[in-house]
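Engineer: Chain R is fixed; fit chain Z onto it per the hints.
Each protein sequence line maps, in turn, to chains R and Z. Take any residue in the first sequence, count from 1 to its spot, add 99: that is its number in our numbering. Take any residue in the second sequence, count from 1 to its spot, add 99: that is its number in our numbering.
Simulated from the structure, these hints should not be mistaken for laboratory data.
It does not matter which identical chain is meant; a pair holds if it fits inside one copy or across any two.
Using 25 Å as the maximum straight-line C-alpha spacing, the simulated SDA-like pairs for lysine to any residue come out as follows:
#, residue 1, residue 2
1, Lys316, Ser331
2, Lys316, Thr358
3, Lys505, Pro231
4, Lys505, Ala515
5, Lys316, His447
6, Lys505, Arg493
7, Lys316, Ala334
8, Lys316, Ala336
9, Lys316, Gly394
10, Lys505, Arg492
11, Lys505, Arg559
12, Lys505, Arg579
13, Lys505, Glu575
14, Lys505, Leu585
Here the structure is a predicted model, which means the values were calculated and not measured.
Number of protein chains: 2
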Amino acid sequence: MSNRWGNSADERDPLAPGAGAGTPSGGEPEVVAGADFHLELTGEGTLREQVMRALRHAIGSGRLPPGTRLPPYRSLARDLGIALNTVGEAYGELVAEGWLTARQGSGTRVAQRSTPLPPDRSRRSAPPVRHPAFDLMPTSPDAAAFPRSAWQTSSRRALNAAPNDAFGVGDPRGRVELRTALTEYLARARGVHTSPHRIVICAGFAHALSMLGQVLKGEVAVESYGLDFHRSLLAAAGRRTIPLSVDARGAVIDELSTTPAGAVLLTPAHQFPTGGPLHPERRAAVVDWARANGGLVIEDDYDGEFRYDRQPVGAVQGLDPDRVVYIGSVSKSLSPALRIGWMAVPDHLVGDLLAAKGPRELWTGALEQLALADFIACGAYDRHLRRMRLNYRRRRDQLVAALRAKAPHIGIGGIAAGLHAVLDLPPGTESAAVRAASRQGLALDGLAAYRHPDSDMPPRDGLVIGYGTPPDHAFESALRALCLALPDPV
Amino acid sequence: MSNRWGNSADERDPLAPGAGAGTPSGGEPEVVAGADFHLELTGEGTLREQVMRALRHAIGSGRLPPGTRLPPYRSLARDLGIALNTVGEAYGELVAEGWLTARQGSGTRVAQRSTPLPPDRSRRSAPPVRHPAFDLMPTSPDAAAFPRSAWQTSSRRALNAAPNDAFGVGDPRGRVELRTALTEYLARARGVHTSPHRIVICAGFAHALSMLGQVLKGEVAVESYGLDFHRSLLAAAGRRTIPLSVDARGAVIDELSTTPAGAVLLTPAHQFPTGGPLHPERRAAVVDWARANGGLVIEDDYDGEFRYDRQPVGAVQGLDPDRVVYIGSVSKSLSPALRIGWMAVPDHLVGDLLAAKGPRELWTGALEQLALADFIACGAYDRHLRRMRLNYRRRRDQLVAALRAKAPHIGIGGIAAGLHAVLDLPPGTESAAVRAASRQGLALDGLAAYRHPDSDMPPRDGLVIGYGTPPDHAFESALRALCLALPDPV
Numbered sequence: 100m101s102n103r104w105g106n107s108a109d110e111r112d113p114l115a116p117g118a119g120a121g122t123p124s125g126g127e128p129e130v131v132a133g134a135d136f137h138l139e140l141t142g143e144g145t146l147r148e149q150v151m152r153a154l155r156h157a158i159g160s161g162r163l164p165p166g167t168r169l170p171p172y173r174s175l176a177r178d179l180g181i182a183l184n185t186v187g188e189a190y191g192e193l194v195a196e197g198w199l200t201a202r203q204g205s206g207t208r209v210a211q212r213s214t215p216l217p218p219d220r221s222r223r224s225a226p227p228v229r230h231p232a233f234d235l236m237p238t239s240p241d242a243a244a245f246p247r248s249a250w251q252t253s254s255r256r257a258l259n260a261a262p263n264d265a266f267g268v269g270d271p272r273g274r275v276e277l278r279t280a281l282t283e284y285l286a287r288a289r290g291v292h293t294s295p296h297r298i299v300i301c302a303g304f305a306h307a308l309s310m311l312g313q314v315l316k317g318e319v320a321v322e323s324y325g326l327d328f329h330r331s332l333l334a335a336a337g338r339r340t341i342p343l344s345v346d347a348r349g350a351v352i353d354e355l356s357t358t359p360a361g362a363v364l365l366t367p368a369h370q371f372p373t374g375g376p377l378h379p380e381r382r383a384a385v386v387d388w389a390r391a392n393g394g395l396v397i398e399d400d401y402d403g404e405f406r407y408d409r410q411p412v413g414a415v416q417g418l419d420p421d422r423v424v425y426i427g428s429v430s431k432s433l434s435p436a437l438r439i440g441w442m443a444v445p446d447h448l449v450g451d452l453l454a455a456k457g458p459r460e461l462w463t464g465a466l467e468q469l470a471l472a473d474f475i476a477c478g479a480y481d482r483h484l485r486r487m488r489l490n491y492r493r494r495r496d497q498l499v500a501a502l503r504a505k506a507p508h509i510g511i512g513g514i515a516a517g518l519h520a521v522l523d524l525p526p527g528t529e530s531a532a533v534r535a536a537s538r539q540g541l542a543l544d545g546l547a548a549y550r551h552p553d554s555d556m557p558p559r560d561g562l563v564i565g566y567g568t569p570p571d572h573a574f575e576s577a578l579r580a581l582c583l584a585l586p587d588p589v
Numbered sequence: 100m101s102n103r104w105g106n107s108a109d110e111r112d113p114l115a116p117g118a119g120a121g122t123p124s125g126g127e128p129e130v131v132a133g134a135d136f137h138l139e140l141t142g143e144g145t146l147r148e149q150v151m152r153a154l155r156h157a158i159g160s161g162r163l164p165p166g167t168r169l170p171p172y173r174s175l176a177r178d179l180g181i182a183l184n185t186v187g188e189a190y191g192e193l194v195a196e197g198w199l200t201a202r203q204g205s206g207t208r209v210a211q212r213s214t215p216l217p218p219d220r221s222r223r224s225a226p227p228v229r230h231p232a233f234d235l236m237p238t239s240p241d242a243a244a245f246p247r248s249a250w251q252t253s254s255r256r257a258l259n260a261a262p263n264d265a266f267g268v269g270d271p272r273g274r275v276e277l278r279t280a281l282t283e284y285l286a287r288a289r290g291v292h293t294s295p296h297r298i299v300i301c302a303g304f305a306h307a308l309s310m311l312g313q314v315l316k317g318e319v320a321v322e323s324y325g326l327d328f329h330r331s332l333l334a335a336a337g338r339r340t341i342p343l344s345v346d347a348r349g350a351v352i353d354e355l356s357t358t359p360a361g362a363v364l365l366t367p368a369h370q371f372p373t374g375g376p377l378h379p380e381r382r383a384a385v386v387d388w389a390r391a392n393g394g395l396v397i398e399d400d401y402d403g404e405f406r407y408d409r410q411p412v413g414a415v416q417g418l419d420p421d422r423v424v425y426i427g428s429v430s431k432s433l434s435p436a437l438r439i440g441w442m443a444v445p446d447h448l449v450g451d452l453l454a455a456k457g458p459r460e461l462w463t464g465a466l467e468q469l470a471l472a473d474f475i476a477c478g479a480y481d482r483h484l485r486r487m488r489l490n491y492r493r494r495r496d497q498l499v500a501a502l503r504a505k506a507p508h509i510g511i512g513g514i515a516a517g518l519h520a521v522l523d524l525p526p527g528t529e530s531a532a533v534r535a536a537s538r539q540g541l542a543l544d545g546l547a548a549y550r551h552p553d554s555d556m557p558p559r560d561g562l563v564i565g566y567g568t569p570p571d572h573a574f575e576s577a578l579r580a581l582c583l584a585l586p587d588p589v
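Pulled out of the complex, with its shape left as it was, chain R reads as follows:
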């Protein structure tokens, strides 16, 4: 359901920021809004709630600036095809909440907030992130699938149950309730062997890696393909990174002994981005290396929950909890907007990491930690993961089917798990394919964007396709656009 409101200025209120942009008009109170404003009713709840939500969003996002006059109840009710008193109630509640003001004779307006400053140069110098038509970057799960109602239940329960100390200065380890719930969950779901005293809560993987960068000495071996952002975080902490080759069995662990590295950062469940799990022999070998050399394994379990065709591969951490730092977060499993992650740390590193974090919790909010603890403990996290596993598996199957049908010459890798796949391209065609994808409105990267600059592996051409981010309704169109961007058979 949507309506479109024409653009017209309200001469009787020169203060309304929208005024002056359109055609002057006297007589009946009229709407002042941008030329292409329209109100879209979506989501759950009653019609009244939907109207309120759409108006709050339009106001909050700046589409309805302060002072804007809303249409009379009658017009909006007619445009949306809903009852008059539904709109009246919605306006009334928004007035009570402070979003709108109602004055006798001047209609209902968006509440004034503050005097405008002169135009911001910074609006131009730092433009908002450009949104492509289809986002196939492997960065975010499907934002539309966030389990709002279960999360709300857990938030409410956690806030009711919270002891008063939860609202004071926080322990840098994180809330014990969350560390306890994670100890149980990680043991059960990921084979991680830890205790609440060995878990340190953090704001996500990047935060964890920055702290480790401060605590470690010497160089850190990394996979030849990985996130440049992670290498930069280690570099910023003074840690040089040394690339290990990556093949079909994951990182080539044998190469470790030829490096001076004291630690190695791995993605054992699903190599990022090339896609395979670390082979069992190499899992054992990396633990042997750590034991023999006093080394440390940093395990980035970024999407360990999502495995489609067989049992999930357990974490390497379970093989030797005293040699492996296990890092996980809710960024792929639930939402990157929550900013909650965790490290399961060898006993001997806990003190150093807490020293790096500082004497108080400065980062992760206690209430969200308590909500997540409840969400895990009551089983909602497992239910959400099951649902998303089915959802992402279906998308993966759609991706595979689309490619088989329209580009059977393109190989697909890394599809047993996770939220992304790698499309293998003929040598020398990658950058042209990335440009073609961009012309199709697709945001995606080739393998070159993930390659360590010092790697001496032979280059490999491929596209990294994140299939978690697009909302369900856009996924088929994204696949069609992708197939159009792929190179023809040679």
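Structural biologist: Using the frame of chain R, we list chain Z on its own:
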């Protein structure tokens, strides 16, 4: 209401971690719990909710370890003096939530979570923060006064109203809804002149100062008395700090021109910790200095909302929004556990600060930002501040009255505003007074702990007394203990 449960082991379940610690006993199912375990019912809600909350807390905090058998409904109901079915319902819901397990014939137990690891050395190497009897450090507002129910209303409303993009990767500026609400609030309550595009959301003051430390060049002038933690953050970012003298009119701005500093960090509303507001002439002078020298003023408005005897002093930022970075947070006004702060930034610094923050939001959770935006916009933040202003003013008056009655020779400063006061001590008596306070179970610091190591001001003896942190019921006792720790008249 509280009961005390005796300590006894349950021989029939050797797996229960509590087992083996007490006297063996057969017959009736018995409780296994620490020798001094007691269940305290407090807070709001029905008796059932209170029982559930107390049990969740006892389990979450580790006081009731996994496997512990709870007392039969009947015993607990009798001990607490409440109805049998109230306890039964509470147990039932906790079983449904996963906190407890109930098996026919073996009673109700705390749910098993994971195999215990060998004892953690880290428990000893990094002991939990020691809690003194009375916390008079000026670090936290009264945690018991957190407005749970209003916050819950705002959280729920914000979660319902959130657009789907709120659950994806976040804009490093922070949510526009919060920046919009803050623009209006800061203009109205603090005289800050800004726009949503000039606000950058952060995880608190420390986060803001770290980012500024990366963006600024050269040295930063600071007040001779202030938080050592803030000086360390600037030092970690490579910024040397230069102390300015502090007198009854606040920081001595004249000294700025004798330093090479390109920026100055001030607490204009209420000098921290000595307590006075920056004199109007000096407010004007610091803006003149910034204009004449291309300098930057960093305004730490840590407790600007709390002023008791007259109208609040507006922010210096209002005098020149292009020369002042204004920093605020909810840490003193609402809770340091939320980890939400904000900077109102000159237009020309927005790009550099966002570059320092990185391309995505890695720190502050989007849902808490949306909840705070609603909390401010619906008026709940103003209501909470009004209530807390009365509460803290009453405490301040109690502090003043207690000192007049029992230590009339001790001067009190900095009491017109904020959550702390300074007690002036005779020269040379400060460190003895701090030790005496510690013996009385008080956590507090003398002025020496806040002094810049390079300051050449004559030293001043005094105690910094935070009166925001103790819960109401403990405040009188804290004051009695404080008066006992003060030096006798000379």
